[in-house]
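For chain A, the structure is supplied; the task is to place chain B on it using the hints.
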Amino acid sequence: MADEITKDTAAQSLEFSTFYVGGALCGINILNIQEINKHFDITRVPQAADHVKGILNLRGRIVTIIDLGAKLGLEPVTENKDNRNIIVNSEDEHIGLLVDAIKDVVSARQDAIEPSPSNIGGVKGKFFQGVLKTDKDLIGILDIDEVLKE
Amino acid sequence: MFEDDETLQMYIEESLEHLGDIESDLLSIEETGENIDLDLVNNVFRAAHSIKGGAGFMGLTTIKELAHHLENALGLIRNHELTPESSRINVLLKGFDELENLLNNIQTSNETDISHHIQDLEKITRSSLPEEKQDMATQRVDIILKDQRIFPRVSLYDLEQCRVEGKNVFLVEYDLITDIHRKGKNPLEVLHSLQKTGTIIDCRIDFDCVGTLNQPLDSFQIPFQVLFASIIEYDMAETLFDISNQYIHAVTDKMTAPSTADQAHAQPAAMQAKEAVAMPDSNAVPPLTTEAPAAQSVPVQNDVPAQDGSPAMKQAAKPAGTSENDIQLGQKSQSSLRVNVGLLDTLMTLAGELVLGRNQLLQGINSANTKATELSSQRIDMITSELQEAIMRTRMQPIANILNKFSRVVRDMSHQLGKSIDLQIIGKEVELDKTILEAINDPLTHLVRNSVDHGIETPMEREQMGKDATGTITLKAFHDAGQVNLIISDNGRGLAPEKIAAAAIAKGLITEQQVAEMSEKAKMELIFLPGFSTASEVTDVSGRGVGMDVVVTNIQSLGGIIELDSTPGQGTDIQIKLPLTLAIIPSQITSVGNERYALPQVNLNELLRIPAAQVKEKIEKVGDAAVVRLRGELLPLLNLAQMLGIEKTFTDPATLEEQRDRRTSLADRRSRKHLTAQEASASEPVAEQEERSGKDRRYRASSAMNIAVVSAGTFKYGLVVDQLHDSEEIVVKPVGRHLKKCSAYAGATIMGDGKVALILDISNLAQTAELAAVSEAGQMARAAEEEARTQKDKAALLTFKNTDTGHFAAPLNLVERIERINTADIERIGGKKVVQYRGGALPLYELSQVADFDPLPEKERQEVIVFKVKDRELGLMVTPPVDTMEVVLDVDETTLKQPAINGSMIINGHTTLLVDIFEMVKALNPEWFAQETRAAADMAQNGEKILLFAEDSAFFRNQVKKYIEDGGFKVIEAEDGRLAWELLKERIDEIDLVVTDLEMPNMDGFELTRRIKNDPRFSHLKVIALTSLASDAHIEKGKSVGIDAYEIKLDREKLIAVIRQYLNLSRK
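Residue numbers (the numbering used here), protein chains in the order written: chain A, 1 to 150; chain B, 1 to 1068.
If we strip away everything but chain B, and leave its shape as in the complex, we get:
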């Protein structure tokens, strides 16, 4: 066989390239049927032809044979002698498949049995021929030259065919040495140029004429015979072939003779050639041993400088052999890559610049020139980025490489299943990293097969459903947000969520209860569960032992995401998002203890930081699991330190307790393990203690909680880490075999300082932590919390301090704003403090004026909370920190009751006093309330109005009742909606207005209102709803049941105003 690596390699690559497009071309040919598109057929024909030409030259007999038969069949199609029916195209497709297979295993190709392909192909070609010609298709003839040399085994049919086309047939004898090598050509080029002007029927190297070593050098020759058909006449041939006329033989009928000894000719031609060398003509003057040409090739080269390194020489001289070299060659062909020359040039330029940059840097360092060093480091930084990008681009391959083959997959499968399917491929030019491309091949094939097998219905079913009998599958690739998106959609029957859920229950994958809580989408996503397969019978088409779970795992391991969307009866869309490359990934660097961990950006949703003061309040514990509330959603938390069994670094002894608290609240099921980890590290506490006290001042910052909100597939959780650092692009490196079992890591990377950081595997971490259980706990928490909300009222409070020790809070809705003023600006007028503020005088007070508290210390600047009462503003001087929070009001109204203080409650571990702003103002400025007092007196004269007030919280009941009574009304109290309803029925004659809380046990405000409004006896009553937080959804719901107005519980003034308005009492 042919031995020149380079030429063979080139031939293989070129041939594979030819084959690349054949499949789709053939499919198109099949589609067009009788009205063939000549261009397409010619394309395929030429491909087969070029492959045949090269194979003949290389001695790849099996390939030549197969290509030749393929060519014949295609030639018939081209001449309209054969219609490209499905069955015929099938044979051709299989033939080309085999051809590709042979090319990929070039070393064993000659030994491969292709007889059934040949038979099939011959059957096709013969079927189109008239009777008398049928024999010709298989008949072989030898061409006998004048000097009795033989060009063996030429297909008679080919010769006939050429004659029919009016072509002349020539046998051209090139000499590889003088005609090709010395002219600076190579044999493939020659064949190519010949193909432009005619048809190459066959070619071979005539080893019989190679000659012997004792021949004079000038007569040394290696004839390369090409059997060529062209419309060119004999006299013109010399110019065409660029060789002397004596080597061009016009082939006439007289020269052909039926191939002798058909048995022998069953052996491929090149074998004969080989034999010819192995058994040289005994007449030849001193006979050569079999190996002579090969063994002698080196000395020949030495003796004849002109032939040195001649590829032709080596080709001819080494007739046979499979050395190790050959095997390596076969492998090489699979891993080579075509790179755009422009890109290579760019790389070269960049490499040059890099060297330049390095020189500058070295110079700068040697001369200790900081400026120059900085400049060159910037330059190197830039070049490196460009270089990285350019090198990445060399790895990029168009996705067409894998998408194209699906036409065939879909065609074959739909034939097999009796379906009619149209495949559309969009975005073939999208490029992806080679490794990713290879890795998504299998998952994609599975998905496409699924679509064909389970998605698209049979034509009959489709017609019954009123759909086009032909189904459509669309493969679409596009770039979006730095990711590659792949969508596989079909317009088939879609997924049936109920069926899937039922199957999942039947297989014991989930419980009925779980299903009951699932959305449609969640039910469909059950097909991603391991052990799930909906096909009632496993067909050999898509049931290949791989489930959707494997697809999901594969895609996730590539850092990709898969999403499912389906409408029953309409079709299914599966969307896959993939990163462009795997080798370098942007990551968020975090740290726990002394180690850094990289978190792939693709998994990262957001970063959360919970200040130390809010940790207790924001982190909740549900069962054993910790959760954090993030925009109304409960997010399970995983403590990375705990997961990995790392002891956290404490920074302040004072926080130790708090940290422990947090730990317990964060403890998941693995808490016991965590404890042992703590015990294990008990030997270190001394060192830690020192470290802690040294960093006292950073207490607040460091005890805050840093959470990276991450998601992987269906998991979404918060990962608690010690610190969040920068986002960096990291190079992924594999870890050793001893660490393969540690599923928590996706690999390792080297940081800028040379240390190694582990890359976290977000999905595996979640699985290790049994996060499904955690998220379940989160749902329980939500339910529990819903219940809690109906039981208890939450209110927004502003917390502040009077002196450093006293904690206070006031309703946030009364606060206008918070100011900081210079103490020097405070004026004292008539025993009152005021400050000039927005063109007016703002009266300033402090708590010590109304109740028994310490006076505020003298300071340079003073924080003032500005309240608005009775349309007038007043300032309350306080000590920071001033903060807002939402708390469940659980007020103790007795223990610490004082003037202007409603009561006390515990907020963040401090006993906090609730300031009654109205009481305070009333005590300080009784004249502001004079009008109100008068109105109340008026009302008492005109006959008292009576209000029904329903409220479950004793605190609010007392507070609000007091407001209303102060306004001159009488109040009938009820502890919940049901009692209010009973009272209303009994005392309807007395009641003028209903004021109700919304969230109450037994019967809530909405229900109460609905009953009132739907009962003709009461429907005339106005209903005012009191709420702590009026959300839009609430208001909407309230309106729908007939609530007339919404008021905020602690906004006394507005409440009174609205009550008056509804009772038609205007202020006088």
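Extracted from the complex, chain A is given alone in its bound form:
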């Protein structure tokens, strides 16, 4: 513990849960993630914005599910068995992000994250905190607050 605190934040090790949405590989800091589930008993909410998939009962709490693909301006998430809801905690509220499929959890040092270009695979740069290059992939690290902004 004491060691970590003394380390420079730039060298701090971060973990990201990565997933596919609309063909793009994105990541979210796992500290932002409450849980990942596959409940799809979603109640549609007519008149809501297009990217709002609906609402879900998560152990007695009403959780809004956002189609991340649609939100980022990509293809809406198509239904298949790999779909997952990533439940994140934002402004005291649980919100679910529907994604195409979950991939690995990757670790990276804070300083390995590069500033994001203005556009990543058709997604506006403002949605990203930065990009992380691994051996094989380029992972866009999502800025949850920006994504969930009204």
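In short, the hints are calculated from the structure, not lab data.
These numbers were taken from a predicted model, which means no experiment stands behind them.
Incorrect hints may have been included.
Unchecked claim - Incomplete in silico selection of chain A near chain B, CB under 7 Å:
1) Asp-41
2) Thr-43
3) Arg-44
4) Ala-48
5) Asn-57
6) Thr-64
Every residue, glycine too, gets a C-beta built ideally from N, C-alpha and C.
Okay, now just chain B, sitting in the frame of chain A:
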């Protein structure tokens, strides 16, 4: 400052409770004037006193100071030295307000500036004193004990006052450790018990004597000094105070000295105490640092087990500081709630039972014992309901909490406005959910302020109007039908509908034309419109930038209803209905498509189901809007699926067309959007098709239309849904921030199966749909329909089938009843079919006997329509469905004319033949009519009688004319009332009787009759009115213009009988 959370918290709560009743008490004191009610004054006095006592102990100097001055003033009132005049009570009220404010912000209280309150109060107290004593009120003295210790800054006036009352003054030194803590008491208790026997003038903790850490433990002490006045003598004091005599000092004049250095004493006492700790006497043996007591409190506790956790210890040891803890504390005090202990016990018991139930359930499930599982599930069901109710009760608060403060509001405002108003509060004990209570506070305040400001007139105006100069405002709360009702009524000037309407027009909120159609009540309700404010000038009293519209919105958002009733010059009543709670609401569950929607029961009026066969007929289209006729009223319809842009689920390809039809007829202004929704879902049709064909058999049921008739405020409409389910109690859950913009929902709830259902916001739905426009369309429809009714005749028909394909109808009024008989019971006698029926033989016929139709197929059971003709019954065998309906008769008399058939018309998309029952009977049983034929022949011999017959419908004109002619009369026809009137004038000599239809263009039957009866040339003529439907209102109207008899158009027999009767031709 004082740090013990619990004690401080207790003190705050207790003090606030004391303050709770003070306001009304003070107002009562003001009312009684010089003849004060001692009990009331004592009440307030004691409250101020207790607050002061506690504050002194806690080091809340500002509070103590203020409470002390309040107490002084009250003491004077109590002793009749001061009359409670309005202005003085004002100062007291403001003082107590400030006191409450200080208590609510306890952490900053010592820094609050209260000097102007103190000045005002001192002015009051001083004014009552004789000259020489006036100084005393502000003068301070120190009490010097024998060991030279000082009890600083005691009000000389207080001491004097006590002496005057014949009391002895003691300075009692308790030791917080030995005298209080070790005896299992707490300081507040001690103060309370002292108050029972005397007056506490002041109290403080003497930090100078706390001692130092290197002192021996047994000499460790924290003196808590109380300056106490009582009639008890010194020798008795020991027993009273329960401490050794050496700590009780009788205070004598010699011991007091004028307070030195007044400047320093401007600082409150506790500050001094704090300083004393901060700057310990340099003589004390090893000196302590400032923080020492606080920092050392833990080790002290460890070393001295007896002192461990002593609240007194901690209190004394931590002299100052504002930590985060304190801030939290301040917040905590606002959200705590007092709950009845009995209720808590109930909750405990229920929790116990719930655990028991759970154990039973688990056992039952583990052992797969269905019976046991069922039993325990029932039990849990029951316990849950009780638990829910009990928990809800803990949230219930008496409405008095908010109603009481209105006495003050009304008093202050009426003073300001120079009005005299009496406020009556009824039903203080009514309880409401805490959240609702808080939420109605503002709307209620607004309404009360309105009543005071705009409602009640000035005393002069009132007297001029012959009213009592004092106006009355009544606040009344009561339970009714599971709701809480609140009525705010005043006997003021009331609302002037015309003025309101004019103002609304001037502000461009509505048009003059709209106003012209409004009732008085509707005009008054205009004040609920956004942007409306009648006050010609915005006063600072009620013009606070909030309009009545905000009040309405607030109340509606609570699921409440507001109603207005006013009589100009007499007063205004505003009634508010509120649900008891918001957290759990009874709702009607409906569904559209695959989703369920909850509809709050409070908005629901009734449920309607229109069978598929009647959809076309009952749903009408006015402009773009669909309406349904409900008990004579036109109700605008909103299609929920369409509103929300959901594709409806079809169940049968055959109905697809019909559904589409209905859709167009239901389409509102948003139809274009709807179309895109349809297009959007075009990708799904294949799946849907399959689903449809699979449910073929349910076609009839599922294509019926389900309507929930709902109302919210001024809106009332029918919400078309796919299905209606059960009514359930649902728990309202808030939805996330991404859905806040969807105004159609009031929240969401979790259903029994774990899925989420949205709760509909009825009022917002109506607004989204621009329903005002829809209801306008409804009115247009009504007008259009009124016109249509005068043009066309409606008749009640019985529809049936002959074989499966042929549709028929007959006038309903000839039908006696409908029977179903066993075919085996039919007997054939003399070539005729009869069935034994009610002790006689009922002849049976079928249509194929009189006209060219297919004979009925052989069946086991047979439906028979029983008609009554010529006082005899006969049965017509038919094929079901047999149904009744009211239709506009638009009969084609030529195309399909046959024997016994009047003609044809389209009913529900089928060409339907109208059966002429008389013709049929005549063809089958000519002998029944023999008598009539003879009578007709007689009449021809005796000279023919001539009737004038006015009727606009060609069908009826021909039909009725034929009946009458068959009866042996001659008929002069007229196509409407005006023509009839012209004919009558020309041929008055010939005409013996007038038969007229009522609803005709140009001149209706009523007008025609009126003219006939008012003209001496014609008034001898009898007038028989023919109508398709005789309503009571019609008959009443008819009688008033002089109509002699009413007959139903297709009831040929009666008509002839009445004509004969009026022409004095009895049947021979």
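Evaluated hints:
Proximity of Asp-41(A) to chain B holds as hinted, the smallest CB-CB distance being about 6 Å (cut-off 7 Å). At about 4 Å, the closest approach between the beta carbon of Thr-43(A) and any beta carbon in chain B falls short of 7 Å, and the interface hint on this residue holds. Because the beta carbon of Arg-44(A) sits about 6 Å from the nearest beta carbon in chain B, less than 7 Å, this interface hint is met. Hint status for Ala-48(A): holds, given a least beta-carbon distance of 5 Å to chain B, under 7 Å.
For Asn-57(A), the interface hint holds, since its Cβ comes within 7 Å of a Cβ in chain B; the closest pair sits about 5 Å apart. Against a cut-off of 7 Å between C-beta atoms, the interface hint on Thr-64(A) holds, since the closest Cβ of chain B lies about 4 Å away.
Figure legend: structure checked against the earlier numbered hints; every hint is met.
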